[in-house]
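**Student:** Start from the sequences, fold in the hints, and give me the full structure.
Residue numbers for the sequence shown follow the working numbering, so the first one is 248 and each next one is one higher.
Certain hints may be false.
[What the hints assert, rightly or not] Computed cross-link-like contacts, DSS-like style, restricted to lysine-lysine with a CA-CA straight-line distance of at most 30 angstroms: (1) Lys590 to Lys356; (2) Lys468 to Lys356; (3) Lys561 to Lys601; (4) Lys506 to Lys356; (5) Lys489 to Lys506.
[Stated by the list, open to error] Restraint ranges, calculated between C-beta atoms of paired labels, are given here: (6) Ala408 to Val585: 38 to 46 angstroms; (7) Arg720 to Lys506: 40 to 48 angstroms; (8) Lys601 to Tyr458: 35 to 43 angstroms; (9) Ala589 to Arg503: 40 to 48 angstroms; (10) Gly692 to Gln603: 37 to 45 angstroms; (11) Glu674 to Phe412: 43 to 51 angstroms; (12) Asp451 to Phe364: 43 to 51 angstroms; (13) Ala508 to Gly471: 37 to 45 angstroms; (14) Trp439 to Ala500: 43 to 51 angstroms; (15) Arg720 to Leu311: 17 to 25 angstroms; (16) Leu701 to Arg441: 38 to 46 angstroms.
Everything labelled a hint here was simulated from the structure, so no lab data went into it.
Even for Gly, the Cβ is constructed at its ideal location relative to N, Cα and C.
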Amino acid sequence: MSPRTSGLLDSDDWDEVKTDSGSDWTLAKSYSDWKPAAAGGKLKHIINTTRAAIRARTRPLENLRPTAYLDGLRGFAALLVYFHHHELWAHDIVGQNAILENAFGYGGKHYFASFPFIRHFFTGGHYAVSTFFIISGYVLSLKPMGLIQSGELAQLGDVIASSLFRRWIRLYLPLIMSMLVYITLLHMFGVWVRIMTQQKSWYDELWAFYYEFKNFSFVFKEGGEPWLTYNRHLWSIPIEFKGSVVIFTAQMAFSRCSKNARLWCEAGLIFYFMYIADGSFYSMFTAGMLLCDLDLLASKGDLPRWMARLEPAKEFIFYHLLIFSLFLGGVPSENRNVEQLAKNRGFYYLSWFKPQAVFDYKWFYLFYAAVFLVASIPRIFWLKSFFETRFCQWLGRISFALYLVHGPVLWTIGERLYVAAGWQNEEIMKNIPHWANKLALPMSGPLGLEMSFLLPQLILVPLTFGLADVVTRFIDTPSVKFAAWFYKKALGDPTSKQAKA
248 MSPRTSGLLD SDDWDEVKTD SGSDWTLAKS YSDWKPAAAG GKLKHIINTT RAAIRARTRP
308 LENLRPTAYL DGLRGFAALL VYFHHHELWA HDIVGQNAIL ENAFGYGGKH YFASFPFIRH
368 FFTGGHYAVS TFFIISGYVL SLKPMGLIQS GELAQLGDVI ASSLFRRWIR LYLPLIMSML
428 VYITLLHMFG VWVRIMTQQK SWYDELWAFY YEFKNFSFVF KEGGEPWLTY NRHLWSIPIE
488 FKGSVVIFTA QMAFSRCSKN ARLWCEAGLI FYFMYIADGS FYSMFTAGML LCDLDLLASK
548 GDLPRWMARL EPAKEFIFYH LLIFSLFLGG VPSENRNVEQ LAKNRGFYYL SWFKPQAVFD
608 YKWFYLFYAA VFLVASIPRI FWLKSFFETR FCQWLGRISF ALYLVHGPVL WTIGERLYVA
668 AGWQNEEIMK NIPHWANKLA LPMSGPLGLE MSFLLPQLIL VPLTFGLADV VTRFIDTPSV
728 KFAAWFYKKA LGDPTSKQAK A
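**Tutor:** The following block contains the structure:
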């Protein structure tokens, strides 16, 4: 079971909310009729043996929370982010990223890695990040929304106060600690990193990090670069914190509204962020809150009447939403040029729907992709079961730490392994020429699956994921506990307050 302190977007409040797993809003139909035709003889024996072995390793854990699939989804999305960054890092060296970041057939280039649906395993990182934001809005809303629906508004204030107090610490303390270790190791071993200009001394590096971090973490920051040059993959951490503030504020603002008014206000806030202001990220958080609200209402049989009437068609609806999600999630993302998007196969007419307010078009399409995905998974039993497997739950547990460490591992050890395998350019040959072709491997194979790319993963995957597990145990989990302890200390002794009263 994934502990409640795990992952990138968790909240230790939401696991107290109970939902009815027998709700009419989840698929209940048996899929036994979908079994494949039986195979005979040895082939049947091989298939049955393999299936039993896989089930033994990937079967769902017992006593899972009703929303454990979100942990698994978050973890699997983190895995896609890992491969996204490695694919683009290696292929950028040889100038092939344009193929991966455009649709199948763009510019007359037809590669397996850019094929619809398949492309998520190569460049699905943006799809994954959008899913993170939806999940975040959902899980941050579970406990507060349950209290709102039950009318326990006094306790709602306590929950939101606790969550908001701990949120900055929970997000930024692991970042600070991991970056201090990273900076120290860079100077201790004199490692050259291509993406950053290093300071002359460790002391100067710490000050440079401090100057950059204080602006990076300021919630009301305006302008400037959106990322931290020491770890550019962490650009979404400030978005996470701002999105959390949006969620907590909206919950307080809507807490006294009637059910229908609250749902309309949530939908209106989504519309505002997406179509009026350039706030597509926050529309994702708010959509997660709306999905949570609807799921809790569904568990009580209290959905709006027009939604309840769709119940007989839910299987048809959610399978189609899943397909639409997988297609939209592969939106081309080489640049922000909508005219280029229109030239990509399957996106000509879709390009017309891009709102004027959205500066980077991909987030508009990824918003719908992520909403459809998160809405569909709990209603498609086999997909939900996959995300409840031990493997996905483990990925969910280490997902935040994986997010923190996969970049530094890629830019240090990964870069050198790729160079040793044959991935080189002029800048690399100027700075680390002694690594070139140390373990030269053939560049043959399908794009994104070259031998020189796959074999380094034999070292990088266990190293990165093992390190993520260590960081989870010794940095991430203690940070969550520290935030809870600090808030408890800040509250003071309730008995002494009562005595004074």
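**Student:** Now, for every hint given, state plainly whether the structure supports it.
**Tutor:** Hint by hint, here is what the structure shows:
no., hint, verdict
1, Lys590 to Lys356, "holds, 13 angstroms"
2, Lys468 to Lys356, "violated, 41 angstroms"
3, Lys561 to Lys601, "holds, 28 angstroms"
4, Lys506 to Lys356, "violated, 51 angstroms"
5, Lys489 to Lys506, "holds, 26 angstroms"
6, Ala408 to Val585: 38 to 46 angstroms, "holds, 43 angstroms"
7, Arg720 to Lys506: 40 to 48 angstroms, "holds, 43 angstroms"
8, Lys601 to Tyr458: 35 to 43 angstroms, "holds, 37 angstroms"
9, Ala589 to Arg503: 40 to 48 angstroms, "holds, 45 angstroms"
10, Gly692 to Gln603: 37 to 45 angstroms, "holds, 43 angstroms"
11, Glu674 to Phe412: 43 to 51 angstroms, "holds, 45 angstroms"
12, Asp451 to Phe364: 43 to 51 angstroms, "holds, 48 angstroms"
13, Ala508 to Gly471: 37 to 45 angstroms, "holds, 38 angstroms"
14, Trp439 to Ala500: 43 to 51 angstroms, "holds, 50 angstroms"
15, Arg720 to Leu311: 17 to 25 angstroms, "holds, 22 angstroms"
16, Leu701 to Arg441: 38 to 46 angstroms, "violated, 22 angstroms"
In terms of the numbered hints stated before, the structure departs from hints 2, 4 and 16, listed from lowest to highest.
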